[in-house]
Structures are given as C-alpha cells and as structure tokens.
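We have chain A already, so just place chain B on it with the hints.
Protein chains: 2
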Amino acid sequence: MRFPLILCACAASLAAQSPASSNVRGNAFPSVDSARRVIFHIKAPTAQKVQVMPVGGSNGLGKGPFDMTRSEDGLWSTTIGPVQPGFHYYWLLIDGVPANDPGSETYFGWARQSSGIDVPDPTLTFYEPKDVPHGDVSIHWYRSQVTGKMRRAYVYTPPGYGANTQARYPVLYLQHGAGESERGWTAQGRANFILDNLIAEGAAKPMIVVMENGYASRRDETSGRGNEAFPDLVMQDLIPEIDKAFRTRTGRLDRAIAGLSMGGGQAMQIGLANLDRFAGIGSFSGAGARNFDRQTSFGGVFKDAAGFNGKVKLLWIGCGREDGLFAGSAALHKALEEAGARHVWYESPGLHDWQVWRNHLHEFAPLLFQGKSE
Amino acid sequence: MRFPLILCACAASLAAQSPASSNVRGNAFPSVDSARRVIFHIKAPTAQKVQVMPVGGSNGLGKGPFDMTRSEDGLWSTTIGPVQPGFHYYWLLIDGVPANDPGSETYFGWARQSSGIDVPDPTLTFYEPKDVPHGDVSIHWYRSQVTGKMRRAYVYTPPGYGANTQARYPVLYLQHGAGESERGWTAQGRANFILDNLIAEGAAKPMIVVMENGYASRRDETSGRGNEAFPDLVMQDLIPEIDKAFRTRTGRLDRAIAGLSMGGGQAMQIGLANLDRFAGIGSFSGAGARNFDRQTSFGGVFKDAAGFNGKVKLLWIGCGREDGLFAGSAALHKALEEAGARHVWYESPGLHDWQVWRNHLHEFAPLLFQGKSE
Chain A
0 MRFPLILCAC AASLAAQSPA SSNVRGNAFP SVDSARRVIF HIKAPTAQKV QVMPVGGSNG
60 LGKGPFDMTR SEDGLWSTTI GPVQPGFHYY WLLIDGVPAN DPGSETYFGW ARQSSGIDVP
120 DPTLTFYEPK DVPHGDVSIH WYRSQVTGKM RRAYVYTPPG YGANTQARYP VLYLQHGAGE
180 SERGWTAQGR ANFILDNLIA EGAAKPMIVV MENGYASRRD ETSGRGNEAF PDLVMQDLIP
240 EIDKAFRTRT GRLDRAIAGL SMGGGQAMQI GLANLDRFAG IGSFSGAGAR NFDRQTSFGG
300 VFKDAAGFNG KVKLLWIGCG REDGLFAGSA ALHKALEEAG ARHVWYESPG LHDWQVWRNH
360 LHEFAPLLFQ GKSE
Chain B
0 MRFPLILCAC AASLAAQSPA SSNVRGNAFP SVDSARRVIF HIKAPTAQKV QVMPVGGSNG
60 LGKGPFDMTR SEDGLWSTTI GPVQPGFHYY WLLIDGVPAN DPGSETYFGW ARQSSGIDVP
120 DPTLTFYEPK DVPHGDVSIH WYRSQVTGKM RRAYVYTPPG YGANTQARYP VLYLQHGAGE
180 SERGWTAQGR ANFILDNLIA EGAAKPMIVV MENGYASRRD ETSGRGNEAF PDLVMQDLIP
240 EIDKAFRTRT GRLDRAIAGL SMGGGQAMQI GLANLDRFAG IGSFSGAGAR NFDRQTSFGG
300 VFKDAAGFNG KVKLLWIGCG REDGLFAGSA ALHKALEEAG ARHVWYESPG LHDWQVWRNH
360 LHEFAPLLFQ GKSE
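Heads up: the sequence lines are chains A and B, in that order.
Residue 274 in numbering that gives the first Met the number 0 is what sits at position 275 of the first sequence, and the numbering runs on without skipping anything.
Residue 370 in numbering that gives the first Met the number 0 is what sits at position 371 of the second sequence, and the numbering runs on without skipping anything.
Treat the hints as calculated values from the structure; they're not laboratory data.
Fair warning: this is a prediction, and the values are worked out from it, not measured in the lab.
Take these hints with a grain of salt, some might be off.
As the list makes no split between identical chains, a pair holds if one copy fits it or if it spans any two.
What the hints assert, rightly or not - Pairs of lysine to any residue residues, derived as SDA-like cross-links and limited to a Cα-Cα distance of at most 20 Å, are as follows:
| hint | residue 1 | residue 2 |
| --- | --- | --- |
| 1 | Lys243 | Ala166 |
| 2 | Lys243 | His332 |
| 3 | Lys48 | Asn308 |
| 4 | Lys243 | Asn163 |
| 5 | Lys302 | Arg320 |
| 6 | Lys243 | Ala162 |
| 7 | Lys333 | Arg320 |
| 8 | Lys148 | Thr124 |
| 9 | Lys310 | Val54 |
| 10 | Lys204 | Pro158 |
| 11 | Lys243 | Gly161 |
Pulled out of the complex, with its shape left as it was, chain A reads as follows:
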C-alpha cells in the first residue's frame, strides 16, 4: 500500500532534488529542490566532525556552520534551507579546517578557490544559457608594463564578432569584488549569458566586456592590499592592449567601467578621474558615501554639476537593501542628488551577493552606449 502523499506532514520534503548547476559534471550533490532546500554530501570516513560553512557574513545559505551527520559507511550529509536563490560560496569544514567540496566546481572567492552552489530562481531566467547566439569569452594574455608581469584579461566578444570583421564595438570594463578574480564575472556572475540574452532581445547594444584582475602591484611593490597599481594598469596597459587586440570603438562615449563592491569603488575612482576616456560608470554595491564632500571627493568632479552632467552619460549606483553597505550607498545617492549630479539610483531587495550583481548588470548594460559615437 502506498502512503497517500496528501497526508504526509512533510510533503514538501518529497520534492525532487536535482544536482546544482555549479557542480562538477556528473556529481549528484550538492542538490537542490524546488523549495530551495540543499543537500550536501561528502565521503569522509576518517573525519571526526564535518560541517557546511557558508563563507562571509552576507551569505544566502544562512549563518552556519551547519553540522553534517555521519552514516555508518562514513558518508556525511545534511539538508539546509530553504536558502536564498543565487550563487553562494561555501566550504566544508573537515575537523574545523576549511576544504572544498569535491562535488562542486571551484570558484575563486575569499582569496582562494572555494566551493559554490547556484540555487535557481525559477522566476529569473535572464542569466541562464538560452538558445540564442552566444558570444565568446577570450582568455587574453599580455605583458603589463606597470606590473612587469604577464596578466590575463577575460574578454567577452558579442555574437557576430567573428563574422562581422569590419564591425567595431563599444567596451565595458567590468570588475569583480575583493578576494575574487578576472574569472568571477563569468563563472559566478554569468555575465556572458546575461549579455547574450540582452543582445538577443535587442535590449542592449552589442558590446565587448573586459574583465581583468583588480589586484595589481607595481614592480617590486610588496606592501599594501595589492590593488594599488590597478588604476595605472587600466589606463596605461589594459585599455591600449584591448584597443589594439580587439575591434573596439575608442571614443569616450564608447567606453564604460563598472564593478561590484571593491570593483565598484575602483570603477568610480578610475572612471571619474578619467572622464576624457569614460562616459559610463557603474558601482554595484560599492563603498558608498563615507566622508563624501562635493568639493573634494573624487578629485572634485562633482563641484561643477553642470559640467559633470554634460560629460557623463551614465552614472549608475545600485545596492541591495539587506546589504551592510546599503546605508552608505543610499547616502551617496542622496549626496549626488543634492549636488545636482545626474545619476541612476537602483535599490532592490538583496544581500551583498552575486544574485544582486547579476541583476545589476542586467539593469545597467541596457543603459550603456545609447548616444552617438564621438
């Protein structure tokens, strides 16, 4: 006799679990169901204690660590959730030591290769790969004069780039956050699929998107956070390299810079200091308005609002309301409003996480490159 499902108090727990799209191909775990509960598994017969550790204080998996339970044959497992949709970094703590889940692909975050889980939101498909033309992401190696080292940029070229050999494209420079790398916007952020879909819908202009590593130190520089030379790298090495190696449009109206968190600060810093080179700037969950002074902040660029408004086609600032940086971002918006500096302010539900930044890119990219080229 089959137990009637309708009477089962835990009916929801019967929902089918599917492997996360962020897994290593062919691995069943971690898995997710439609109620966004996640099951983690790991074979660790010799461990005394195994836990799931969501990384960071703003993680859609919850606070953790979550204890896993050992079966007789040494398989540890636990079910958590419902969790937030989106991409979440996690580690498995093996007797307290952070380790990767062998079932997960690795994603560079928290200054190391970390496990990650992508929890679907069935109401959002804008970042999913669809049956539309796909752009390529080129791993482009070059030598930096500023750092003296070989570096690589991840460069999205839009569908048609290879075939339309006379066409030239505007360029968005797009930066990751602290502890991440040039791989983040494609692996975690799915920027390529977001652009593919927007371009297929006619909602965004075909554009090149350049994703570099926000850390750069001058030759022989050993102290500091390691990102001190990044503005010089962008202006002296990266932009000339991209304009040489790819079919770009090179006027200021066809160049924009944006980033998330630390990268949002870098976009503001680099973009606002170089308005002869950039006309579009985006800060996604960036640092906000600490000590903002209209006369002096960002080199005093906001002291002449009319001049600023004449030059900058798009200054876009967004933040999730559950983000610890929200108050600062909202204060920056208010200060810019008071200064008469034209900008787009975008607030939405959301944490300091990749689901918000995917959404930010999806909102931001359609607003770029709408004017005529210079």
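Just chain B, lined up with the frame of chain A:
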C-alpha cells in the same frame, strides 16, 4: 656571530625557495627551490593529522602520503624532494580526507578540482610564457544535438587571428586524459604557450587548437564511463560548430586530432574511423596495442598499408619510458611497423604525466599541416 654558510653541512637547504607558478597569486606556499625541493604549508590548528598526498601512481612528487609537522600555532609544514620537474596533482589529507591546498590554484583532474604544483625545469622553456605574440583561448559555448546540452570548447586561435580577418587556419583537436576536462591542456599543459612559442620561432604552422571535454553522454544515457557519445559529438556537433564559428580550413589535410592517455585512444578511434576528415593523428601515452590485429583493429584500417600510407600524413605515437603504458605503446609501434603502416614513434624518459605531454605536443605540432591544402 653569523654562522658561516660555507661550513653548513646542509648548504643545499639554504637555496632560495620561490612560490610555485601554479599557486594562487600572492601565496608564498607551496614553494620550490633550484634543487626541486618543495615546501608545503597549511594553517589547520584543529586537525589531528595533515599529509601531502600526490595523486595517482605515476606522480613526480613521489609516492606519499608525506606527513606534515605541526607548529605550536597550528601551522603544518613539510619539505619533500628533490621531486621531478613538471606539473603534479596533489591533495592535502586533513585527518585522512582529501582536501585542496588553499595556496594552490585548482586544476581539474581525478574527476574533481585538485591542487597542483608546477616544478620548473630550468633547461626547458618551451612551455613558458615569453615575450612573443600570444594567441587567445576562447571559451566557446554551443548546444550539442548529440547530448542535448550546452557545452563549451576551449579554442586557441593563433597570434594574428584577430587582425588577419581573411586568413583561414588548419585545426588540431586536442584531448585531455581520464578524469580531466577541456581546461586541462591550457591550465596544466600550457598548450597555448607551447603553440605561441613554436609559431614565433617559425617551427609550427599557425593553427587553431580545439580542446573539448572528452566526456559526453547521449540524451538520457545514464550508464557507462560517460564518454560513449564523444565520437558522435566530435563528428556531428563539434567539427561543424568550429567550422562555422571560426575561420578554419575544412579539408582533411587541414584537420588533425590528438590526445593524451584516454584522449590518445579517442584520437586513434575517431581519427582512424574518419580518414575522409582527418589526415593527422597523435596518441600521447595512449592505450597501446592490447589485442592489436592488423586485419580488424581500428576497423581494419591497417590491413591495406599502402592505402593507409597514401591517406594519413601523420600518425604519431609517443610514450615515456617510465610510464606503465610504455610496453603497450612500444608494442603498437612494432605492430604498425610490421604492418608497414607509416608512423612516427617517439620514446623519451618520463612518467604518465603532463611534463611528457607538454613535450609530446612540442614534438608533434611542428609536424602538422606541412602538405598543401586540398
């Protein structure tokens, strides 16, 4: 008073340690010295036992596991070696559980993301990034009809590909080994730098190199090793996709296929069954001559040696002498020789590892695409 270095019995141990090039940027460990001794470090104050585990039976780090020693503040370390030059997979065993070293980048091998260390050989620079023009490696997404899924190929385009918009190029399909992925030939194998350097020297023809994942299952296929559909994928999906998306030469004289280990077997299987599409085939440390029968093996392609020799411009078979597959490879060479089938046999020192396969690619690529196009 400083102890005079000249009197130190362990003078060699004073050689300077440098961070491995395979590390996460900015991480000092693992480190290597000029005597090829490697120091591993990990902070793991709560672990009872930590070991370095070279993965696989044919690993240039040695047999392992190697116990690490705990300092008072919970830092574990050990020095091993001298080790073999080249790229070696390893895990850290945390109380017996395989985990990644946070100081290392991750490299897909052994069906999971693993740590790896690249130990330099100062006498070999052919795989190092040099100040020569660099090709790009494009991550190319496409939908496979055979599998019903989105897949990605890593596609090397040679220096000048972007600028010479009328030029078309021959194509090498290049496969990884069991448990690896489409990322292996660039991340572990440095195929892009090997080609850059060969092309810069004029030693190899500029070519496109396509690296796909050797695992593919037909829609709804769930059993088997997971690579059953790979030949169909190559012939029905991948080649048409690459010929559409990239500026390829499409005649058989301009198409070759090669691979390492499992990928060598796949190259033999696919290439020899499709001599109307391929004129170059390479097997690097492949499976060898088990049950080789001139009349029936590989669809009987060797039974008419003159016909075979008229069609195949290059059949290349290589193996390291310390490889467990060496005897089989040497037997295949002998059987082909007896059959009168023209081929290149390449034996060298070396294990079943990436240092051998880097060398194989470096030997093989210059021999490709030397005839006229059809």
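Going down the list of hints, with the structure as the test:
1. Taking the closest pair of Cα atoms, Lys243 and Ala166 come within 20 Å of each other both inside a single copy (15 Å) and across two copies (18 Å).
2. For the identical chains of this complex, Lys243 and His332 are neighbours neither inside a copy (36 Å) nor across copies (47 Å), given an alpha-carbon limit of 20 Å.
3. In this homomeric assembly, Lys48 and Asn308 never come within 20 Å of each other (Cα to Cα): the closest approach is 58 Å inside a single copy and 62 Å across copies.
4. Taking CA atoms no more than 20 Å apart as the test, Lys243 paired with Asn163 passes in both settings, with 17 Å inside one copy and 13 Å between copies.
5. Taking identical chains as interchangeable, the C-alpha atoms of Lys302 and Arg320 are never at most 20 Å apart, the minima being 29 Å within one chain and 72 Å between chains.
6. Both within a single protomer and between protomers do Lys243 and Ala162 lie at most 20 Å apart by alpha-carbon distance, with minima of 19 Å and 9 Å respectively.
7. Only within a single protomer do Lys333 and Arg320 lie at most 20 Å apart by alpha-carbon distance; the minimum there is 15 Å, versus 71 Å between protomers.
8. For the homomeric pair Lys148 and Thr124, the shortest alpha-carbon distance between copies (17 Å) is at most 20 Å, but the shortest distance inside one copy (39 Å) is not.
9. In this assembly of identical chains, the alpha carbons of Lys310 and Val54 never lie at most 20 Å apart, being 40 Å within a copy and 57 Å across copies at closest.
10. In this homomeric assembly, Lys204 and Pro158 come within 20 Å of each other (Cα to Cα) only inside a single copy, at 11 Å, whereas the closest approach across copies is 28 Å.
11. Taking CA atoms no more than 20 Å apart as the test, Lys243 paired with Gly161 passes in both settings, with 16 Å inside one copy and 10 Å between copies.
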